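Asker: Using the hints provided, position chain B relative to the given structure of chain A.
2 protein chains.
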Amino acid sequence: MTYRAPINDMLLSLNHGAGLEAAVKAGHYGDFDADITTAVLEEAGRFATDVLAPLNRVGDEHGIKLEADKVTTAPGWPDAYQRWTAAGWNAVSGPEAFGGQGLPLAINAACTEIWSASNIAFGLCPLLTLSEIEALDAHGSDELKKIYLEKLVSGEWTGTMQLTEPQAGSDVGALRTRAERAPDGSYRIKGTKIFITYGDHDMTDNIVHFVLARLPDAPAGTKGISLFLIPKFLVNADGSLGQRNDIYPSGVEHKLGMHASPTCTMTMGDSGAIGYLIGEENKGMQCMFTMMNQARLGVGLEGVGIADRAYQQALAFAQERRQGRAVGKDGNGSDPIIVHPDVKRMLMQMRALTAAARTICYATAVALDVSVRATDAKTRGLAAARGALLTPIAKAFSTDIGNEVTSLGVQIHGGMGFIEETGAAQHYRDARITPIYEGTNGIQAIDLVTRKLAANGGESVWALLDELSGIVKRVETSNDPAFGTSGAKLRDALASLERTSRWLLERVASGPNDALAGATPYLRLFGSTLGGCMLAGEALAARDLGKASGDPERYVTLARFFAENISVQAGSLEKTVMDSADAVNGADAVLLA
Amino acid sequence: MTYRAPINDMLLSLNHGAGLEAAVKAGHYGDFDADITTAVLEEAGRFATDVLAPLNRVGDEHGIKLEADKVTTAPGWPDAYQRWTAAGWNAVSGPEAFGGQGLPLAINAACTEIWSASNIAFGLCPLLTLSEIEALDAHGSDELKKIYLEKLVSGEWTGTMQLTEPQAGSDVGALRTRAERAPDGSYRIKGTKIFITYGDHDMTDNIVHFVLARLPDAPAGTKGISLFLIPKFLVNADGSLGQRNDIYPSGVEHKLGMHASPTCTMTMGDSGAIGYLIGEENKGMQCMFTMMNQARLGVGLEGVGIADRAYQQALAFAQERRQGRAVGKDGNGSDPIIVHPDVKRMLMQMRALTAAARTICYATAVALDVSVRATDAKTRGLAAARGALLTPIAKAFSTDIGNEVTSLGVQIHGGMGFIEETGAAQHYRDARITPIYEGTNGIQAIDLVTRKLAANGGESVWALLDELSGIVKRVETSNDPAFGTSGAKLRDALASLERTSRWLLERVASGPNDALAGATPYLRLFGSTLGGCMLAGEALAARDLGKASGDPERYVTLARFFAENISVQAGSLEKTVMDSADAVNGADAVLLA
Numbered sequence: 378m379t380y381r382a383p384i385n386d387m388l389l390s391l392n393h394g395a396g397l398e399a400a401v402k403a404g405h406y407g408d409f410d411a412d413i414t415t416a417v418l419e420e421a422g423r424f425a426t427d428v429l430a431p432l433n434r435v436g437d438e439h440g441i442k443l444e445a446d447k448v449t450t451a452p453g454w455p456d457a458y459q460r461w462t463a464a465g466w467n468a469v470s471g472p473e474a475f476g477g478q479g480l481p482l483a484i485n486a487a488c489t490e491i492w493s494a495s496n497i498a499f500g501l502c503p504l505l506t507l508s509e510i511e512a513l514d515a516h517g518s519d520e521l522k523k524i525y526l527e528k529l530v531s532g533e534w535t536g537t538m539q540l541t542e543p544q545a546g547s548d549v550g551a552l553r554t555r556a557e558r559a560p561d562g563s564y565r566i567k568g569t570k571i572f573i574t575y576g577d578h579d580m581t582d583n584i585v586h587f588v589l590a591r592l593p594d595a596p597a598g599t600k601g602i603s604l605f606l607i608p609k610f611l612v613n614a615d616g617s618l619g620q621r622n623d624i625y626p627s628g629v630e631h632k633l634g635m636h637a638s639p640t641c642t643m644t645m646g647d648s649g650a651i652g653y654l655i656g657e658e659n660k661g662m663q664c665m666f667t668m669m670n671q672a673r674l675g676v677g678l679e680g681v682g683i684a685d686r687a688y689q690q691a692l693a694f695a696q697e698r699r700q701g702r703a704v705g706k707d708g709n710g711s712d713p714i715i716v717h718p719d720v721k722r723m724l725m726q727m728r729a730l731t732a733a734a735r736t737i738c739y740a741t742a743v744a745l746d747v748s749v750r751a752t753d754a755k756t757r758g759l760a761a762a763r764g765a766l767l768t769p770i771a772k773a774f775s776t777d778i779g780n781e782v783t784s785l786g787v788q789i790h791g792g793m794g795f796i797e798e799t800g801a802a803q804h805y806r807d808a809r810i811t812p813i814y815e816g817t818n819g820i821q822a823i824d825l826v827t828r829k830l831a832a833n834g835g836e837s838v839w840a841l842l843d844e845l846s847g848i849v850k851r852v853e854t855s856n857d858p859a860f861g862t863s864g865a866k867l868r869d870a871l872a873s874l875e876r877t878s879r880w881l882l883e884r885v886a887s888g889p890n891d892a893l894a895g896a897t898p899y900l901r902l903f904g905s906t907l908g909g910c911m912l913a914g915e916a917l918a919a920r921d922l923g924k925a926s927g928d929p930e931r932y933v934t935l936a937r938f939f940a941e942n943i944s945v946q947a948g949s950l951e952k953t954v955m956d957s958a959d960a961v962n963g964a965d966a967v968l969l970a
Numbered sequence: 378m379t380y381r382a383p384i385n386d387m388l389l390s391l392n393h394g395a396g397l398e399a400a401v402k403a404g405h406y407g408d409f410d411a412d413i414t415t416a417v418l419e420e421a422g423r424f425a426t427d428v429l430a431p432l433n434r435v436g437d438e439h440g441i442k443l444e445a446d447k448v449t450t451a452p453g454w455p456d457a458y459q460r461w462t463a464a465g466w467n468a469v470s471g472p473e474a475f476g477g478q479g480l481p482l483a484i485n486a487a488c489t490e491i492w493s494a495s496n497i498a499f500g501l502c503p504l505l506t507l508s509e510i511e512a513l514d515a516h517g518s519d520e521l522k523k524i525y526l527e528k529l530v531s532g533e534w535t536g537t538m539q540l541t542e543p544q545a546g547s548d549v550g551a552l553r554t555r556a557e558r559a560p561d562g563s564y565r566i567k568g569t570k571i572f573i574t575y576g577d578h579d580m581t582d583n584i585v586h587f588v589l590a591r592l593p594d595a596p597a598g599t600k601g602i603s604l605f606l607i608p609k610f611l612v613n614a615d616g617s618l619g620q621r622n623d624i625y626p627s628g629v630e631h632k633l634g635m636h637a638s639p640t641c642t643m644t645m646g647d648s649g650a651i652g653y654l655i656g657e658e659n660k661g662m663q664c665m666f667t668m669m670n671q672a673r674l675g676v677g678l679e680g681v682g683i684a685d686r687a688y689q690q691a692l693a694f695a696q697e698r699r700q701g702r703a704v705g706k707d708g709n710g711s712d713p714i715i716v717h718p719d720v721k722r723m724l725m726q727m728r729a730l731t732a733a734a735r736t737i738c739y740a741t742a743v744a745l746d747v748s749v750r751a752t753d754a755k756t757r758g759l760a761a762a763r764g765a766l767l768t769p770i771a772k773a774f775s776t777d778i779g780n781e782v783t784s785l786g787v788q789i790h791g792g793m794g795f796i797e798e799t800g801a802a803q804h805y806r807d808a809r810i811t812p813i814y815e816g817t818n819g820i821q822a823i824d825l826v827t828r829k830l831a832a833n834g835g836e837s838v839w840a841l842l843d844e845l846s847g848i849v850k851r852v853e854t855s856n857d858p859a860f861g862t863s864g865a866k867l868r869d870a871l872a873s874l875e876r877t878s879r880w881l882l883e884r885v886a887s888g889p890n891d892a893l894a895g896a897t898p899y900l901r902l903f904g905s906t907l908g909g910c911m912l913a914g915e916a917l918a919a920r921d922l923g924k925a926s927g928d929p930e931r932y933v934t935l936a937r938f939f940a941e942n943i944s945v946q947a948g949s950l951e952k953t954v955m956d957s958a959d960a961v962n963g964a965d966a967v968l969l970a
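If you read the sequences in order, they're chains A and B. Counting in my numbering, the first sequence runs from 378 upward without gaps. Counting in my numbering, the second sequence runs from 378 upward without gaps.
It is worth saying that the hints were derived from the structure and are not from the lab. No false leads were mixed into what you were given.
In silico DSSO-like links for lysine-lysine, alpha-carbon gap of 30 Å or less:
1. A:K660 to B:K706
2. B:K442 to A:K442
3. B:K660 to B:K600
4. A:K850 to A:K402
5. A:K755 to A:K660
6. A:K442 to A:K567
7. B:K402 to B:K924
8. B:K850 to B:K755
9. B:K850 to B:K924
10. B:K600 to A:K706
11. A:K600 to B:K706
12. B:K660 to A:K706
13. B:K447 to B:K522
14. A:K567 to A:K522
Far from chain A, some chain B residues (derived; all Cβ distances over 12 Å):
15. K442
16. D446
17. E520
18. S531
19. E557
20. A559
21. P560
22. Q620
23. S627
24. E657
25. R851
26. W880
Restraint ranges, calculated between C-beta atoms of paired labels, are given here:
27. A:P596 to B:D921: 52 to 62 Å
28. B:D408 to A:L969: 35 to 45 Å
29. A:L969 to B:N833: 40 to 50 Å
None of the values given here were measured: they were computed from a predicted structure. Glycine included, each C-beta is placed from N, C-alpha and C at the ideal position.
If we strip away everything but chain A, and leave its shape as in the complex, we get (with noise of 0.2 Å):
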């Protein structure tokens, strides 16, 4: 089975969902033609489907081989990267002066989204250097810039993100590893890092690595880290390549999942890798969060895509798979499984959690694009602020439901879901590392309730809650019987976000505890809310354009399924926080017992 990227369904989300269309006439994309958008997917999910989705298969079998200080990837790996560059595909949204087309970053987000579905280790790569780009783009010296960042954009390099230490994980303000300024202006940097996604690889000719140090008269705490740049081979004053920089693999992950992903213990010896600061010193983490924000919404999207990976799998096997007859058939032979209520069910569960966090995802693209493309500073502010509010729940709605989707593939295949050569627990194992990375899923949670939320007096999640309450109206007054409870469902649902959100404002300065144990079921409360009421806003421009969105009645009972099975949790979700700190506070007496 292979995968098809769903370009129908993109499009909807990413013009009307997401609002990219409303942005263009708004003028805020400048001369951005939209019309390229549908070539541009379409051809990224024709090289997804001929060229990437067939090496998914191949690269977990085959995994990774470190020999020799050298990592190996699976057999047609580095070829499929090299077509890949070749096509374009890595400079999508990089800045056009060092090479890149300069297109949306909301259209690098549906193609990120197609090389997730289709190869989501080989995905990784590539979503690590983007990251890179912006970070060296905004705080990198010019010399910097000139030296790497036309080969970080063509691709012809790749770049990896060093934070992660035994002891700093989560608390990156933990790390050890030192930087000792030399006499010509470079660094030397020694010490160890661990799980380095592609800390080494065999499909370029040099890897661009940012690592996280700290100088020998720095302040504690991640007041007193920097970031520098250390290229696996020096360059060159002619741009070719020079020594071997004294930075190595030392050791490779068994993993769950994303076995073709080397994740790579990374060692810099004792006379020290050669480095180059990016930003000030001292100011690393600064540095670090342009890229962790990229990277976030990144992962949110492998949410997306393996979650549509999986759910155009089981929807293949539930229509070819026969088990048992439909209630009200009699005679012989038995139907397709999508005949059972209980398999509809879980296929439209899959289908309507992957189109929300589809459109929850593009919109922070689409937030992040006009932060730093209107011409005007107050639509600008105002969209770095929806993008801000918009990152954690993209990145963490979105893995956690790449798991629950994955799961639920897993399951419609029965037995046979359990069996590696199906595939579909390929999806699931791979999954899992989405919600851990790039800052865990509790970790968004607590970003949301306590730096998004408390930002601004909660002024972006009310904008936003307006805006949502538009799209419910519009529900409410199309009287459409299609939507069935629809608009009740989630007209409740943004009465328990707001009210939710309010006690949670007032607990973050009183009794933060309070607010942190309710983390994690806000920001679902938040992602099932806004996804529903997206979904609805979809379904309402779907019918608006009626057959050019392709089906609107698709749209509508996709939006209405998942009001009245997803959006509808959001009462209990409510409680949940308001009520249940003291429990969650209280947890001592029975964790330590």
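Answerer: Chain B in isolation, oriented as in the chain A frame:
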């Protein structure tokens, strides 16, 4: 990290949550000496910790091998199995007439949890043997019992259940394996079975296969299925082993988890395997249901066991791993992650779900015990109906939460959770089969709605709701502030469960597809409400017992957490069942577009 059986929790659950003590006091257990319960569980716990738990990882890494028609298990496994049977563990609840100890199923249920927690792939083997003992004891001829039952009770030989064929999974009636009558009264069976757990292995010198097959003149579907006993080695008149029978493992599956448990394709060849009829011709499904009900409870207990294992490991990690500071703490150094409310929430979620599933499973076992042990026919009848009602919930709720809890276990480990050597990932992989085998959880939900709820106009459900309502009343009148809002939450949940049950009962008749569409959320609603009330009942009992229960405060806080976080979902689930049938059954517009 090893496993230690939580004896105090298990005893409170068994005696008070599940009602064993009351049933014993009422005389339903005859002369059973309840004082031995603690000693049995402690001894089982020691064996599990010392012998089985250390082999769990070995089994996962080594897996099994099929060579020259023989399956070899992992190093140490045959020896552990011999020690386990020699200690009498296979015979705990076996019939005394055949060498069993005749202890209650409820005691064995607790033991099954212990075997599953310490080594789920190991525990799966005797789980099927026990089901076979039950079926043979109930339906076998005296001659077959004489030859086979004692060896199965002791565990000297193991059993298999062979239903599945490529075209016949959930739809057992579609099976094609053929049986022909032989002149000597035996049968010759030809065909291929797949997914046969422990279909072959080297832990015993014989294996007793129970195989479903079709006679040449059998009616179509499930009414034409007969059950046959097919020994791996024929048994001579003196009890010694004779010739090798024509039933061989022809393949083994490469699975997501449970690597140490061989999942075989079994081929009965051209000459036909020699088999003996169990029960009557064409009445095989009835015998198989005897096995399946027992096995379904057993699989539910696997869910409980693997959940508890994952919880214990995550708790230990959260107490050791230091990252970040607790809110309000200053100074250097970091705290164990268990100080963070979001981590506390995850651990409480794990423990509360596990505890509730445990009591639901134990209560099912008590009901099944009373249904055969009580002297009074009416009591037996009511208990049988209770056991029938609880079985699908015990199976599906417990295995669903087994997956949720093992996933939380991975999450708490952060990046380390995705690394295989940590062990959290193995639990996550192993758990994934439990919602699938012995009847998928979707089938359990359909069974609950269409057979168990509807069996007697809902009588079994109303009787249970009455009992649960009594518990809630005691919570309310306790006026113990430590219960928080538990009383109100459980009262609301019970009301949702009752309304939803009545609605479904009506729809089972008037609109079966509407009822089927709501089956899965209904089962979850049932489990969440039942579990919440049962944990509240345990907490009340712990308060009455005082220090004798270990620690009353712990159980009250745990019950409160469950009510405020999980039972509280009932309101949303009620709406899902009642309002989303149209969206589910109208899904073709979405799925088949």
